[in-house]
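Participant: Each chain, letter by letter, is given below.
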Amino acid sequence: MELIIKNGRVVDPYTKKDEVLDIYIKDGIIKKIGKNLDIKCEKEFNAKNMIVTPGLIDIHTHLREPGYESKERISTGTKSAACGGFTAVVCMPNTNPPIDNQAAVKLIHYIAENEGFVKVYPVAAVTKGLAGEELTEFGDLYRVGVVGFSDDGNPIKNSEIMRRALEYAKMFDLPIMDHCEDIQLSNDGTINEGYYSTIKGLKGIPTVSESVIVARDILLTKYTQSKIHLLHITTKDSVELIKIAKEEKVKVTSEVCPHHFALSDKDIPGYDTNYKVNPPLRSEEDRKALIAGLKDGTIDVIASDHAPHTIFEKEKEFNYAPFGIIGLETVVPLTFMHLIEPGHLSIMEAISKLTINPAKILNIKRNNITEGEVADITVINPNLELIYKKELIASKSINSPFINKKLKAFPVLTIVQGKIIMEREKDGTPLIKK
Amino acid sequence: MKKFNRKHLLDIETLSREEIETILDTAVPFKKLFTQSVKKAKFLLGKTVVNIFYEPSTRTRTSFEIAEKRLSADVVNISVSTSSVQKGESLLDTIRTLQAMKADIVVMRHSCPGAPHLIAKRLNVSVINAGDGTHEHPTQALLDMFTIKEKLGRIEGVTVALIGDITFSRVARSNIWGLKKLNANVRVIGPSTLIPKDIEKMGVEVYTSLEKGLEGVDVVNILRIQRERQQQKLFPTIREYNRLFGIDENTLKDRGILVMHPGPMNRGIEISDYIADSPQAVICEQVTNGVAIRMAVLYLIAGEGDLNELSLED
Numbered sequence: 001m002e003l004i005i006k007n008g009r010v011v012d013p014y015t016k017k018d019e020v021l022d023i024y025i026k027d028g029i030i031k032k033i034g035k036n037l038d039i040k041c042e043k044e045f046n047a048k049n050m051i052v053t054p055g056l057i058d059i060h061t062h063l064r065e066p067g068y069e070s071k072e073r074i075s076t077g078t079k080s081a082a083c084g085g086f087t088a089v090v091c092m093p094n095t096n097p098p099i100d101n102q103a104a105v106k107l108i109h110y111i112a113e114n115e116g117f118v119k120v121y122p123v124a125a126v127t128k129g130l131a132g133e134e135l136t137e138f139g140d141l142y143r144v145g146v147v148g149f150s151d152d153g154n155p156i157k158n159s160e161i162m163r164r165a166l167e168y169a170k171m172f173d174l175p176i177m178d179h180c181e182d183i184q185l186s187n188d189g190t191i192n193e194g195y196y197s198t199i200k201g202l203k204g205i206p207t208v209s210e211s212v213i214v215a216r217d218i219l220l221t222k223y224t225q226s227k228i229h230l231l232h233i234t235t236k237d238s239v240e241l242i243k244i245a246k247e248e249k250v251k252v253t254s255e256v257c258p259h260h261f262a263l264s265d266k267d268i269p270g271y272d273t274n275y276k277v278n279p280p281l282r283s284e285e286d287r288k289a290l291i292a293g294l295k296d297g298t299i300d301v302i303a304s305d306h307a308p309h310t311i312f313e314k315e316k317e318f319n320y321a322p323f324g325i326i327g328l329e330t331v332v333p334l335t336f337m338h339l340i341e342p343g344h345l346s347i348m349e350a351i352s353k354l355t356i357n358p359a360k361i362l363n364i365k366r367n368n369i370t371e372g373e374v375a376d377i378t379v380i381n382p383n384l385e386l387i388y389k390k391e392l393i394a395s396k397s398i399n400s401p402f403i404n405k406k407l408k409a410f411p412v413l414t415i416v417q418g419k420i421i422m423e424r425e426k427d428g429t430p431l432i433k434k
Numbered sequence: 435m436k437k438f439n440r441k442h443l444l445d446i447e448t449l450s451r452e453e454i455e456t457i458l459d460t461a462v463p464f465k466k467l468f469t470q471s472v473k474k475a476k477f478l479l480g481k482t483v484v485n486i487f488y489e490p491s492t493r494t495r496t497s498f499e500i501a502e503k504r505l506s507a508d509v510v511n512i513s514v515s516t517s518s519v520q521k522g523e524s525l526l527d528t529i530r531t532l533q534a535m536k537a538d539i540v541v542m543r544h545s546c547p548g549a550p551h552l553i554a555k556r557l558n559v560s561v562i563n564a565g566d567g568t569h570e571h572p573t574q575a576l577l578d579m580f581t582i583k584e585k586l587g588r589i590e591g592v593t594v595a596l597i598g599d600i601t602f603s604r605v606a607r608s609n610i611w612g613l614k615k616l617n618a619n620v621r622v623i624g625p626s627t628l629i630p631k632d633i634e635k636m637g638v639e640v641y642t643s644l645e646k647g648l649e650g651v652d653v654v655n656i657l658r659i660q661r662e663r664q665q666q667k668l669f670p671t672i673r674e675y676n677r678l679f680g681i682d683e684n685t686l687k688d689r690g691i692l693v694m695h696p697g698p699m700n701r702g703i704e705i706s707d708y709i710a711d712s713p714q715a716v717i718c719e720q721v722t723n724g725v726a727i728r729m730a731v732l733y734l735i736a737g738e739g740d741l742n743e744l745s746l747e748d
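Going down the list, the protein sequences come from chains A and B. Start counting the first sequence at 1; every next residue gets the next number (this note's numbering). Start counting the second sequence at 435; every next residue gets the next number (this note's numbering).
Careful, some of the hints might be misleading.
Claimed, not checked - Residues of chain B placed beyond 10 Å of chain A at every Cβ, according to the derived structure:
#, residue
1, E452
2, K465
3, Q470
4, L526
5, H544
6, S545
7, H551
8, N558
9, H569
10, T593
11, R607
12, D632
13, I672
14, I691
15, S712
16, G739
Said to hold, decoys possible - Which stretches of chain A does chain B cover? Using the computed rule of at least three CB atoms under 8 Å from a CB of chain B, they are:
#, region
17, 216-226
18, 311-325
Quick caveat, the hints were computed from the structure, so don't treat them as lab data. Cβ atoms here follow ideal geometry from the backbone N, Cα and C, with glycine treated the same way.
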């Protein structure tokens, strides 16, 4: 098939392009780029006043398969990714059984190739069974194409294990991706410790439960001269620690989730479990520090931490409901609304945190917008405003605090290897094609 | 006409000053009813009230049951252990079942903050919060305020100290909201490990010294200390807790200070026998007032008929 995207503002962090161009795609390849291309095509997409970017990558997704298919599947999760403008997702290993051996990685690849809508890069567990005790076979896992190691969901409690994991991963030049949390300090907390945990009578998770592990991880990374990626950072102290570490050339990278820069603990209405997430929504002061960290480059990546859960699991007492928010389909609007529109980040800076930065961290080659490249492209309509109704959601789950909220700036076209996978209709409904 | 337009009583936080005053005023004739030869009114005749308690409780459950029966309601009591609930039927499904049996009011105690709010949001029955975890215990605060008003003649301007485990106390939170709305001065006194973060933003003064905290107070409300907190390493020993925060004849020198305790008391730990049995302690009156307050709440939420129908003899 062939396709031409007309008059879009091409923003490509790989080539630093930022100009209005037409893109002609044929047989999966970007054949021609230029102004006012005079090419007639069976499919013409008018991207006037829209942003055309290399396909977005989500560095932190939970696809839940195998084991938790009632929450999400690789098929539904990658569909959700396509609706969110992502052409690739990195999936976390806390499935059941966990992705801690070659066979499990091959299973993910197999299902993704057969049922997936976008490219899936698996991350393997750091420790067998995510139990925090014995390292998995990093070498074997590297050979079948994992892009990093993480016990996400479970922090690595034992500092000796963490040290050895960092040292061992160095041989393969892959990062350890750590969920920074001191479980003892979290002490069964459910929301950020502060005024709101106090008045709601909910146990609080103090900011230090994250920051002390951020500090530990940075010191271990420096000591082992390895590299680490810190998942879903939420506190002002963490941002400051990472900033200092980067100044000292420690190979630390980090990510922030849109719900953490869009919301704070004051926004949680009553005991709405769609706002229950780990790490929790923090204070306004922390939220502002995250935005500042994104702005000055301390934070490298914007990641969804897409964490689907069923309705019956979430419709519970706040203490009993699981942590997690779906995020793939709201990353782009929240990034535009909270980072780009208020002027904190330029479009190029924001798109970098969704494309080139995650690709670099994981050593993966992603396609840029250049003639001859395979076409992985996302088109975003920054002016499209929608009430985010549950009917619009492609994920199998609907646990989002943004349901029924007005959001703006949605991906309207997702192209994977030259094929349109998602095209949004005028009323906002995403159409999935395969 | 009833001046109360609520289907539920979930917390004190969202009540207005006027609503609190309405409840306190409504409890007055009900308390008077207790001195009559027949202590019964017909305001809840034909209504079904289910007291569902997910946490063990004797006094609150009994107080509600007596209040409901004095209002002529049909009463059902259910006790569920929290551990069995987590494995079995969901809370929503359990209450949905009671709703299907046409229960009118559910009085619920639960170990999870917000559990009654979940029911109120999703189902149609009236919900009265009889204590939700460490969040609120609204009827306790109402009966405490009623008792203060009855004994001191006012609440505005009165200085009340809540003493002990503030972090895990639903009684403390409900009292703070209520007393602040009625313009009392509120302070909390307790070990620094049992004072929750940012509580001063609720408008209270924080003291970690009992001696300083007691200066100039009119009322002390002594909270029950749970032995569990010591096991959680929140203070070293019960003995030391008693030495630092126990209320006895030496620490509470002013015989004019009103002493309250929501019960059950740990005599010899947070309160001495001498103080508990002294004339300045109004702990048993609090219990009596608790029934009147709960009758007032039940009446205002679901009662039929006018308060004047009570024929009270002096």
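Participant: Run every hint past the structure and note whether it holds.
Facilitator: Cross-check of the supplied hints:
no.: 1; hint: E452; result: holds (21 Å)
no.: 2; hint: K465; result: holds (29 Å)
no.: 3; hint: Q470; result: holds (38 Å)
no.: 4; hint: L526; result: violated (6 Å)
no.: 5; hint: H544; result: violated (7 Å)
no.: 6; hint: S545; result: violated (8 Å)
no.: 7; hint: H551; result: violated (5 Å)
no.: 8; hint: N558; result: holds (16 Å)
no.: 9; hint: H569; result: violated (3 Å)
no.: 10; hint: T593; result: holds (21 Å)
no.: 11; hint: R607; result: violated (6 Å)
no.: 12; hint: D632; result: violated (4 Å)
no.: 13; hint: I672; result: holds (22 Å)
no.: 14; hint: I691; result: holds (27 Å)
no.: 15; hint: S712; result: holds (32 Å)
no.: 16; hint: G739; result: holds (33 Å)
no.: 17; hint: 216-226; result: violated (count 0)
no.: 18; hint: 311-325; result: holds (count 7)
The structure fails hints 4, 5, 6, 7, 9, 11, 12, 17 (numbered hints given earlier, in ascending order).
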